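Colleague: Could you build the full structure based on these sequences and the hints that come with them?
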Amino acid sequence: MIILEKDAKTSPDHGTNPSERTIEQLLESCFILLDKSPGPSSHQVSAWARDMMGLEKLGHGGTLDPFASGLLPLLSGKAMRLTGKILTHDKSYLAIFKFGKELDRNEIEDKMAMLTGKVYNVPPEISAVRVQVRTRKISKFDILDFDGTSLLTKIECEAGTYVRTMARDLGLLLDTPVELKELRRPTSGEFSLSQSITMQQLADAYWLWQEKGEEDAMLRILHPIEDMLSDLPRVVVKDGAAAALSHGAPLLRPGVVSIDEDLKVGSEVLLVTMKGEAVAIAKMSQNSKVIPDMNQGEVAKPNCVLMKEDTYPRSWKK
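Each residue of the sequence shown is one higher than the one before, starting from 1376 at the first, in this note's numbering.
Treat the hints with care, since some could be wrong.
Said to hold, decoys possible - Taking lysine to any residue and the SDA-like style, the derived pairs with C-alpha atoms no more than 20 angstroms apart in a straight line are:
#1 1639 - 1678
#2 1515 - 1562
#3 1683 - 1388
#4 1512 - 1548
#5 1453 - 1431
#6 1650 - 1392
#7 1676 - 1590
#8 1515 - 1481
#9 1512 - 1484
#10 1486 - 1523
#11 1384 - 1543
#12 1432 - 1578
#13 1453 - 1685
#14 1432 - 1680
#15 1529 - 1464
#16 1453 - 1481
#17 1676 - 1629
Please keep in mind that the hints were generated in silico from the structure rather than gathered at the bench.
Just so we're clear, the structure is a prediction, and the values are computed from it rather than from any experiment.
Modeller: If you want it as structure tokens, here you go:
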């Protein structure tokens, strides 16, 4: 980290450290890791959660077909602007395949090996998205259990992979129908089911907060938006710069407090306040090594503003 303004200070009267946000503040921009049950669509689940909590905006990141279960991130408020980022996360799945005839394990393993690496993955007709030809990387396709006609597998794959397509292609290679009986998603990116809650647990936590004033459960469930962006290098900015950035202005050199090293022009970074609040995702306009020698000029340009306008007071006139 390159420190540019060691004496810079942040006002205690504006903004909030992410770990100290109230439930109301979190609901304006947070994510929830839900363990979706089989049956409802991802859209239905997010609509139920939105209506239950009385939110104007709440969506999901990474569609699970109705019959599937597992990790489904829900995003509220400005966090919905990160849907595209979640959709690019690698995923893992547990799948049960049913074969049309009894097969030999070695033969199945040989054919499964042909479906790893870069493969064509055409969405099935019943999938939740428009059909288009695509290639996807399958990094792992392993047997966990096999009884001759039923196969339990673990799949680790690139985002946008269709397991129904893998079942179909495996059947073509084995010359027998293969039915996808069950599908569960344990992980999405760095997040896992161990961090998730069910819809019933969400409803219970919300009821305890609303009816009993008990906040602990909701505070465990609502994750600050910053937790989703831990992989991005950071540029720390002054309060005044945060105010301007929240209105879409570029980051100028006088507003920079510190910056990660080895950033290049075009690098994607997270602009944060001195309290650690996400202000915006931005593209670097300069290499980090030249910024200490700058007095003026543009350092980064926001492409996704995450902070609510006027969280910090304006230092300019309208």
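Colleague: Need the list of violated hint numbers for this structure, in ascending order.
Modeller: Checked against the structure, the hints that fail are numbers 7, 11, 16, while the rest are satisfied.
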